[in-house]
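Q: Construct the complete structure from the given sequences, taking the supplied hints into account.
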Amino acid sequence: MPAPTMPARKVAPISTEKDMRTIAHQLGRRPRPGTEVCRRCRHGFPQVVISPPVVRDGDRWDVFPTVYWLTCPLLVAAIGRLEAQGWIGRYEKRLAEDPAFAQALAECHAGAAADRVRRIPPEWRDALERDHPRLWQALAETGVGGIRSRTGVKCLHTHYADHVGRGDNPIGRAVEEQLREAGVPLEGTDDCWRRCAVEERA
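Residue numbers for the sequence shown follow our numbering, beginning at 534 and rising by one.
Incorrect hints may appear among the rest.
As the list claims (entries may be wrong) - Pairwise CB distance ranges (calculated): (1) Ala-637 - Arg-727: 33 to 43 Å; (2) Glu-674 - Arg-728: 34 to 44 Å; (3) Gly-613 - Arg-565: 15 to 25 Å.
Note that these hints are calculated values from the structure, not bench results. C-beta atoms are modelled at their ideal positions from N, C-alpha and C, and glycine is treated no differently.
A: Here is the structure:
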């Protein structure tokens with residue numbers, strides 16, 4: 534029986550400059566306006582954030598199909614090790630050989646698209662669909678992280694973040710089970726906070 538998913542902590546909008554600095558340090562870039570914290574570690578630092586799929590500045594539209602971002606350095610490194618061990622290819626092989634797994638991921642991709650669209654203000658949806666059909670397609674017709682291929686996996690970090698944020702990603706759920714089996718503490722270690730404490734580095 535698979536281990537239960539670690540419950541996500543309550544979504545809390547970023548409201549402090551400390552959060553903004555921490556996420557900028559974790560991602561290597563400033564988070565987009567409207568970014569929210571989806572889950573925090575035991576030390577209170579963001580682990581997964583929710584990024585708005587559309588940012589508008591006058592007549593300029595910027596779209597970002599990846600909504601959920603894994604920011605925790607500990608988990609980023611742990612999942613990076615899985616990728617280095619060839620697990621992207623192994624999951625792609627499973628998709629080709631396991632119809633039930635492939636169907637679950639197809640439903641996951643559809644759910645990701647619906648989740649993105651739901652986060653866009655209705656008046657923006659109408660304008661995008663009418664005036665910018667290619668941008669709209671990137672939001673409404675692509676899967677997790679903007680992936681177009683239904684047989685490719687793209688990035689385990691993206692699938693895990695989507696699993697934390699929405700809860701119906703079969704690859705993200707499998708990655709979480711792998712992390713547990715490897716003894717990776719999903720809520721953090723005693724001293725992992727040092728990688729995120731920007732003030733301590735100043």
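Q: Now, for every hint given, state plainly whether the structure supports it.
A: Each hint tested on the structure:
1. Ala-637 - Arg-727: 33 to 43 Å: holds (38 Å)
2. Glu-674 - Arg-728: 34 to 44 Å: holds (37 Å)
3. Gly-613 - Arg-565: 15 to 25 Å: For Arg-565 against Gly-613, whose Cβ atoms are near 23 Å apart, the range 15 to 25 Å holds.
When held up to the earlier numbered hints, the structure conflicts with none and fits them all.
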